[in-house]
Amino acid sequence: MAGPETQVKAVRKRVTWMHIVLFAFATAISYVLAVVSSLIFPVLGAPGVSALYLAAAIYVPLGIWMGLWGCLAGYISCLFLGLYPSGYTFIQSFIWSWADFIEALLPLLVFRALSPDPDFTPKRPGAAKLLPWFIAAGTTILFLGIVVQLLWGATYGEPFTTIYVVMVYLGLALACVGIAMGLIAGHARTWLATILSVIAAAFGSGIWGAGTLTLWNLPPPLPAELFWPVFVGWVAGDLIVLSVISTALLVALTPIFKRTGLFVRGWWA
Amino acid sequence: MSRAVSVEGLWWKYVGRSDHALRGVDLEVERGEFFAIMGHSGAGKTTLILVLTGIIPQRVPGEFRGRVEVLGMSTVSQDVSEITKRVAVVFEDPEIQFVMSTVEDELVLSLEPLGLSREEIRERLKWGLELVGLDKSFLGRSPLQLSGGEKQRVAIAAAVARRPELLILDEPTSDLDPVGKEEVLAAIRKLRDELDMTIILIEHESEFVAELADRVAVLSEGRVAAVGEPRYVFSRYDELKSHGVYPPDAAAISFKLGLDTICRYGDLFRALESVRDRLFVHADRIPNVEKVGEGEVLVECRDVEYVYPGGFRALKGASLTIRGGELVALVGPNGGGKTTLAKVVSGLFRPSMGEVLVLGRRVEEYDRLTLSSLVCYVYQNPDHQIFNKSVYEEISFGLRIRGLSERVVRERVRRALEVFGLKGLENEHPFFLSKGEKRRLALASAYVLDPKVLIVDEPTTGQDMRFNESLFSNLKALTREGRAVVTITHSIALASKYADRLVVVKDGRVIADGHPRSVLLSPAADEGRLIKPQAMRLAKQLGLTAAPVSAEEFLEIVTLR
Amino acid sequence: MPTILGELAGVESKSSRYLSLHVSTKIFLPLSFAVAIFFATDPIKALLLAAASAGACVAAGVPLSAIKRYLAVIVSMSSFIVLAFSLFTHIPGKTLFEVTLLSMQAEKGVFEWKLSLTDTGLTYALTFILRIFAMILSATLLMATVTDRDFVWGLLSLKVPFGACVATSLFFRGLQLFASDFYTIREAMMARGVDFERTSLAKRFLLYVNALIPLLSLMITRSYEVSLALESRGIAPGSRAASGYYTFRMRRDDYAVIAVSVTLIIVYVLWGRIP
Numbered sequence: 029m030a031g032p033e034t035q036v037k038a039v040r041k042r043v044t045w046m047h048i049v050l051f052a053f054a055t056a057i058s059y060v061l062a063v064v065s066s067l068i069f070p071v072l073g074a075p076g077v078s079a080l081y082l083a084a085a086i087y088v089p090l091g092i093w094m095g096l097w098g099c100l101a102g103y104i105s106c107l108f109l110g111l112y113p114s115g116y117t118f119i120q121s122f123i124w125s126w127a128d129f130i131e132a133l134l135p136l137l138v139f140r141a142l143s144p145d146p147d148f149t150p151k152r153p154g155a156a157k158l159l160p161w162f163i164a165a166g167t168t169i170l171f172l173g174i175v176v177q178l179l180w181g182a183t184y185g186e187p188f189t190t191i192y193v194v195m196v197y198l199g200l201a202l203a204c205v206g207i208a209m210g211l212i213a214g215h216a217r218t219w220l221a222t223i224l225s226v227i228a229a230a231f232g233s234g235i236w237g238a239g240t241l242t243l244w245n246l247p248p249p250l251p252a253e254l255f256w257p258v259f260v261g262w263v264a265g266d267l268i269v270l271s272v273i274s275t276a277l278l279v280a281l282t283p284i285f286k287r288t289g290l291f292v293r294g295w296w297a
Numbered sequence: 413m414s415r416a417v418s419v420e421g422l423w424w425k426y427v428g429r430s431d432h433a434l435r436g437v438d439l440e441v442e443r444g445e446f447f448a449i450m451g452h453s454g455a456g457k458t459t460l461i462l463v464l465t466g467i468i469p470q471r472v473p474g475e476f477r478g479r480v481e482v483l484g485m486s487t488v489s490q491d492v493s494e495i496t497k498r499v500a501v502v503f504e505d506p507e508i509q510f511v512m513s514t515v516e517d518e519l520v521l522s523l524e525p526l527g528l529s530r531e532e533i534r535e536r537l538k539w540g541l542e543l544v545g546l547d548k549s550f551l552g553r554s555p556l557q558l559s560g561g562e563k564q565r566v567a568i569a570a571a572v573a574r575r576p577e578l579l580i581l582d583e584p585t586s587d588l589d590p591v592g593k594e595e596v597l598a599a600i601r602k603l604r605d606e607l608d609m610t611i612i613l614i615e616h617e618s619e620f621v622a623e624l625a626d627r628v629a630v631l632s633e634g635r636v637a638a639v640g641e642p643r644y645v646f647s648r649y650d651e652l653k654s655h656g657v658y659p660p661d662a663a664a665i666s667f668k669l670g671l672d673t674i675c676r677y678g679d680l681f682r683a684l685e686s687v688r689d690r691l692f693v694h695a696d697r698i699p700n701v702e703k704v705g706e707g708e709v710l711v712e713c714r715d716v717e718y719v720y721p722g723g724f725r726a727l728k729g730a731s732l733t734i735r736g737g738e739l740v741a742l743v744g745p746n747g748g749g750k751t752t753l754a755k756v757v758s759g760l761f762r763p764s765m766g767e768v769l770v771l772g773r774r775v776e777e778y779d780r781l782t783l784s785s786l787v788c789y790v791y792q793n794p795d796h797q798i799f800n801k802s803v804y805e806e807i808s809f810g811l812r813i814r815g816l817s818e819r820v821v822r823e824r825v826r827r828a829l830e831v832f833g834l835k836g837l838e839n840e841h842p843f844f845l846s847k848g849e850k851r852r853l854a855l856a857s858a859y860v861l862d863p864k865v866l867i868v869d870e871p872t873t874g875q876d877m878r879f880n881e882s883l884f885s886n887l888k889a890l891t892r893e894g895r896a897v898v899t900i901t902h903s904i905a906l907a908s909k910y911a912d913r914l915v916v917v918k919d920g921r922v923i924a925d926g927h928p929r930s931v932l933l934s935p936a937a938d939e940g941r942l943i944k945p946q947a948m949r950l951a952k953q954l955g956l957t958a959a960p961v962s963a964e965e966f967l968e969i970v971t972l973r
Numbered sequence: 005m006p007t008i009l010g011e012l013a014g015v016e017s018k019s020s021r022y023l024s025l026h027v028s029t030k031i032f033l034p035l036s037f038a039v040a041i042f043f044a045t046d047p048i049k050a051l052l053l054a055a056a057s058a059g060a061c062v063a064a065g066v067p068l069s070a071i072k073r074y075l076a077v078i079v080s081m082s083s084f085i086v087l088a089f090s091l092f093t094h095i096p097g098k099t100l101f102e103v104t105l106l107s108m109q110a111e112k113g114v115f116e117w118k119l120s121l122t123d124t125g126l127t128y129a130l131t132f133i134l135r136i137f138a139m140i141l142s143a144t145l146l147m148a149t150v151t152d153r154d155f156v157w158g159l160l161s162l163k164v165p166f167g168a169c170v171a172t173s174l175f176f177r178g179l180q181l182f183a184s185d186f187y188t189i190r191e192a193m194m195a196r197g198v199d200f201e202r203t204s205l206a207k208r209f210l211l212y213v214n215a216l217i218p219l220l221s222l223m224i225t226r227s228y229e230v231s232l233a234l235e236s237r238g239i240a241p242g243s244r245a246a247s248g249y250y251t252f253r254m255r256r257d258d259y260a261v262i263a264v265s266v267t268l269i270i271v272y273v274l275w276g277r278i279p
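Protein chains in written order, with the working numbering: chain A, 29 to 297; chain B, 413 to 973; chain C, 5 to 279.
With the rest of the complex left out, here is chain A (with noise of 0.2 Å):
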């Protein structure tokens, strides 16, 4: 005999086989593109450094679609690289992978903090098209300034210091643009929060990444004195694909995520 009438309006609130099967799939897609990136992009000298690394696309916007998630992505798939096709140690890679972690977490924690609902309809598609070239073209230049400075520009003075001078105005002034696009393009604070998390990302995750590449690691596989070469590489390289690429799958896959209901609000479910 059937009970009473029963009306549920579900709410999923807890860790279900979705997530968990979602993460798994990404994580596999994840470092399948690590692995085409580092042979098709490859930084020569750094196995498993890309220039162009495709597949913090995918694992960076899983941070921000389901919060922690994103991180163990990038993390797991960072971990199997380091082991192939770049050769190193388990402890190495268990190490130097955390630097994907954070690329994906510290975005994460920006969009918490500034747009936790976020709205990436464009209002401006053509503004919306333009700014990620503009930050980064911008950050890479600005960025580019402070090495030749810190590098050469201290010690050596002129010219290296009128090279740094320009080098900053001009990376300070195409990165403003692109923050004033990011602004009238759509929902301000998405915009904002979305060119903050690829700055931050980039960098965070270079001087972990290419720290334990060089510098401190058990042991580190590569000699000190790559760090610059690889910091400077890999910081380029997130500015342009986080920017471009991640941003496009954000543009094109947040309805997707919001409407299916899988986009997290929590960290985990």
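Hints are not guaranteed to be accurate.
To be verified - Pairs of lysine-lysine residues, derived as DSS-like cross-links and limited to a Cα-Cα distance of at most 27 Å, are as follows:
#1 B/Lys548 x C/Lys18
#2 C/Lys18 x C/Lys72
#3 B/Lys668 x B/Lys952
#4 B/Lys668 x B/Lys653
#5 B/Lys728 x B/Lys918
#6 B/Lys548 x B/Lys538
#7 B/Lys944 x B/Lys602
#8 B/Lys847 x B/Lys425
#9 C/Lys163 x B/Lys538
#10 B/Lys425 x A/Lys286
#11 A/Lys286 x A/Lys151
#12 B/Lys497 x B/Lys653
#13 B/Lys952 x B/Lys850
#14 A/Lys157 x C/Lys207
#15 B/Lys888 x B/Lys847
#16 B/Lys944 x B/Lys668
#17 B/Lys425 x B/Lys653
#18 B/Lys952 x B/Lys909
#19 B/Lys653 x B/Lys847
#20 B/Lys835 x B/Lys653
#21 A/Lys286 x B/Lys850
#22 A/Lys151 x C/Lys207
#23 A/Lys151 x B/Lys835
#24 A/Lys286 x B/Lys835
#25 B/Lys497 x C/Lys163
#26 A/Lys286 x B/Lys909
#27 B/Lys909 x B/Lys653
#28 B/Lys850 x B/Lys425
Everything labelled a hint here was simulated from the structure, so no lab data went into it.
Please build the complex by placing chains B and C on the supplied structure of chain A, with the hints as guidance.
Frame of chain A, contents of chains B and C only:
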């Protein structure tokens, strides 16, 4: 407590959707019954299955209203893990049901929640495999290496090894080729005959339902449109067609000949045998064997061979000519080379030997942009070829990379939207389209490039007959514009009805090429393991001179005096 | 059952006693090489470690031709390590070769960029390069002797929740699945007219966005369907294997290999302390 399933006033709406997927469904299934559910794609059949297991509403967000009891358990208050100890489900796509690396691990995983001992698990593994006609040697194999039919049988074995009281089979044969379908059906017959369990089968093929089911329900737009014994339900011939359900040819023939509705082929044959002397064949209505191949030659393949990078020789000297204005159906067993041949024709694969000419020029002489404008290939899974975030952007993608002006793009997209019934969906995200809409979107995206030859790979898989008829009708209409359409399909019934030519591909070669009727009457039909339309088999068995390809044709040629 | 390296790179190990060891043993041995590398601070220690890991690979049936796949990695790393110690810095020692590439009068002195090779620099470079060999061999030993089934069974035998075990299995399954999807999507783009070979690098990069959209859509759709199938099997993600079906017993061979691994670590730690 004799009911296995009791559903009262069931309403369900998925989160993010505006319409209810189920609207006031009332249904009852008795214990021990073999109950079938039919309906058009999107009618709510799989949603209903998810409700019966408690997955809706416990795991899937949405709005639920009504009362549902399965084996005496409320599907709302009893946890899914408890319900699924007594209810097992086999889904349509065998791939998604495998999560482990070997068949053994897959079966063991299914049995883990039951708290059995190691020895009991071993016993059940053996028993489950034997029941579906597989032996112990399958245990160590990877599920991914199995054929479609074997995969689905492993999925059934994993389900029945749990000795469920209720077994639900959700379109278990729809993704399979004819050989696979037969294997799975044999397994289901065995389950029905040997086990004392309630079985619910969701199926599009009315022949199977007629053969197996005690009762059948028809779902349409989220509601129950008809329920009862197959004989009774299938007698409502025209009404069912409006719900996207096509009764078996046997039902149509018996009904229209004025006999009591007979659903099973064997029963119909015996009934007609008994009135053999009253059957009259109108010789003047027997269609002549039609001439094929008079349009402009668009593509010519001569002795083409293709070897995959791993060394597998998929094509061994295949030859094929495609002419304007014809609909060509490529048929044959899985692994025979149909898709490979289609990709060679479209220039996606370069042949290892032989040549392919498009409009008289070798395919190597074309650049990709030009070639894809002449010969366009549409993949079996539309999800592989939807690259954009709105329907409009998707259709215009190919035009944009060709640098066409915005005005031309807008006009051609508008026309494609109309031809494929996608008007009003321009701004919709393709992810949220139904399977049928995605397929039409994929076709529209190819059509908009105005190709001379359109190649469509298995467009009917997993779709209901109404959609398939409409699709083939659309494809036929395209040929009237002077194009050629090549479709890979397992549906001989549809191919016979709409195609101008049937090309049978087996073991990397073309073994037959001609009008569907002549090919089906030739030895190549058996060699290619083609399942002839029921009407044709019936006519042959009755010794009639005609060879109708459909129930409609049979009824036109044969009357009862 | 192919090993992980077999699935990823088609390199299969020959049948050997090592392959039938407990999965923990097969993970512990490469791990011990990874720990010992930390203490391989001069060329002799690094060379011996590389030789030991090569020996372990041979004993395990791993074809050393697997190293062929790492050739590009080894060459590029080695070159850059030598450059690191000669171009990006000057290691004090006997100068073997020196050339000034750039000399510029700056505001606060002369900026010189030299290629400078010293004996100490070469020693450092050799140590690093030999360590790379040891590193790659130990990673190969791990990947070429462990199957994904080993991992999953290992986790199940340790009563790790089903969520983690199934996720591990799905990760390995997903590799093949999505690699195949990626190529199909790329092919589908070609069918629409995209010519990857004749497109500029920049445009190709942007086209990857269009390729990733269907890849991720497929990921979501498949995840949804697989998760429904898992729910319908009554397995809760937090539940654990209770049947005792997944049991592994350590054998004498396992204890012997573990003893060798521990000995290796101890030897290198102590050796590293010898001044």
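Hint check results:
no.: 1; hint: B/Lys548 x C/Lys18; result: holds (25 Å)
no.: 2; hint: C/Lys18 x C/Lys72; result: holds (17 Å)
no.: 3; hint: B/Lys668 x B/Lys952; result: holds (19 Å)
no.: 4; hint: B/Lys668 x B/Lys653; result: holds (15 Å)
no.: 5; hint: B/Lys728 x B/Lys918; result: holds (10 Å)
no.: 6; hint: B/Lys548 x B/Lys538; result: holds (7 Å)
no.: 7; hint: B/Lys944 x B/Lys602; result: holds (24 Å)
no.: 8; hint: B/Lys847 x B/Lys425; result: holds (18 Å)
no.: 9; hint: C/Lys163 x B/Lys538; result: holds (25 Å)
no.: 10; hint: B/Lys425 x A/Lys286; result: holds (16 Å)
no.: 11; hint: A/Lys286 x A/Lys151; result: holds (19 Å)
no.: 12; hint: B/Lys497 x B/Lys653; result: violated (37 Å)
no.: 13; hint: B/Lys952 x B/Lys850; result: violated (39 Å)
no.: 14; hint: A/Lys157 x C/Lys207; result: holds (14 Å)
no.: 15; hint: B/Lys888 x B/Lys847; result: holds (21 Å)
no.: 16; hint: B/Lys944 x B/Lys668; result: holds (21 Å)
no.: 17; hint: B/Lys425 x B/Lys653; result: holds (26 Å)
no.: 18; hint: B/Lys952 x B/Lys909; result: holds (18 Å)
no.: 19; hint: B/Lys653 x B/Lys847; result: holds (20 Å)
no.: 20; hint: B/Lys835 x B/Lys653; result: holds (25 Å)
no.: 21; hint: A/Lys286 x B/Lys850; result: holds (20 Å)
no.: 22; hint: A/Lys151 x C/Lys207; result: holds (25 Å)
no.: 23; hint: A/Lys151 x B/Lys835; result: holds (24 Å)
no.: 24; hint: A/Lys286 x B/Lys835; result: holds (25 Å)
no.: 25; hint: B/Lys497 x C/Lys163; result: holds (21 Å)
no.: 26; hint: A/Lys286 x B/Lys909; result: violated (44 Å)
no.: 27; hint: B/Lys909 x B/Lys653; result: holds (17 Å)
no.: 28; hint: B/Lys850 x B/Lys425; result: holds (21 Å)
The structure fails to meet hints 12, 13, 26 from the earlier list, while all remaining hints are met.
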